[in-house]
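Student: Take the sequences, apply the hints, and build the full model.
Residue numbers (our numbering), protein chains in the order written: chain A, 1 to 137; chain B, 1001 to 1096.
These aren't lab readings, by the way, just hints derived from the structure by calculation. Zero decoy hints are in this set.
Short derived list, chain B residues pointing at chain A, Cβ under 8 Å:
hint: 1; residue: Ala1022
hint: 2; residue: Pro1044
hint: 3; residue: Val1056
hint: 4; residue: Leu1061
hint: 5; residue: Asp1072
hint: 6; residue: Arg1086
Listed next, the in silico SDA-like pairs over lysine to any residue satisfying Cα-Cα at most 25 Å (straight line):
hint: 7; chain 1: A; residue 1: Lys19; chain 2: B; residue 2: Pro1071
hint: 8; chain 1: A; residue 1: Lys19; chain 2: B; residue 2: Gly1065
hint: 9; chain 1: A; residue 1: Lys19; chain 2: B; residue 2: Asp1082
hint: 10; chain 1: A; residue 1: Lys19; chain 2: B; residue 2: Gln1079
hint: 11; chain 1: A; residue 1: Lys19; chain 2: B; residue 2: Asp1072
hint: 12; chain 1: A; residue 1: Lys19; chain 2: A; residue 2: Val72
Here a beta-carbon is modelled for each residue, glycine too, at the ideal position from N, C-alpha and C.
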Amino acid sequence: MTLPRALLLDSTFLIAYEKERNPRLAQAVVVQAITTGRPLIVPALSLLVAGTQLDGHHPDLSWVLNDPAGPVDVLALSATNALETGEQAVRTGSRDLVALEVAQIVVEAADSPMVVMTYEPMLYKGCSVRVMDMRPR
Amino acid sequence: MTASAFANRSPVDQHLLQRIAARDRVGVESLAALPAHELDRLLPGGRAAYQHRVEVAGALLTHRGIDPSSPDYQAAAAQADDLLSRVDQLDAGHAA
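Tutor: Take a look at the structure:
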């Protein structure tokens, strides 16, 4: 079974999607993923962190995310994963917003074929998740 | 349920199964026997989004005012293709 892996987009990716102008790599990744039927996943806490950084200016993110029947799935916090996320964050010794985001990503993506798309790969150092570094080479 | 049950599903059903499995944090194999109408109930609009994915991607580019034939975007698309080919070869716990 050789399926295209689902992409989990963290806050650094979402911010780049909104702000990047040249090259528009994050946008191109989203377009190529949609075109090839590759699932796109956004954790709720990644959206929260991106929202704090974008300070109310996120027309392009809103456009692609606001359609509930659209190509991007938002992973909500539930009775189960919210508690697990809190527990995971405490293990890291930090309770700031980014630590909570990383904790949700670890809870969602550990032991799954999903790949975390990020411009800050060091956030996931020591975590058992697959990470793709989006930074220019 | 075996992986072959999943492999025998249509491409659109496989796509829906992947999305539902990621959302619900279960393996695709555990869902592979669900009938198509059940997949549609679990992910409303997902089938249409897949079937019209080229149009959806085109609308996204149009919304952003991107000319997909421009040299800048072509370069970004080539980089994206390279990244995505490496995504499918990553091992757990490793960054690329």
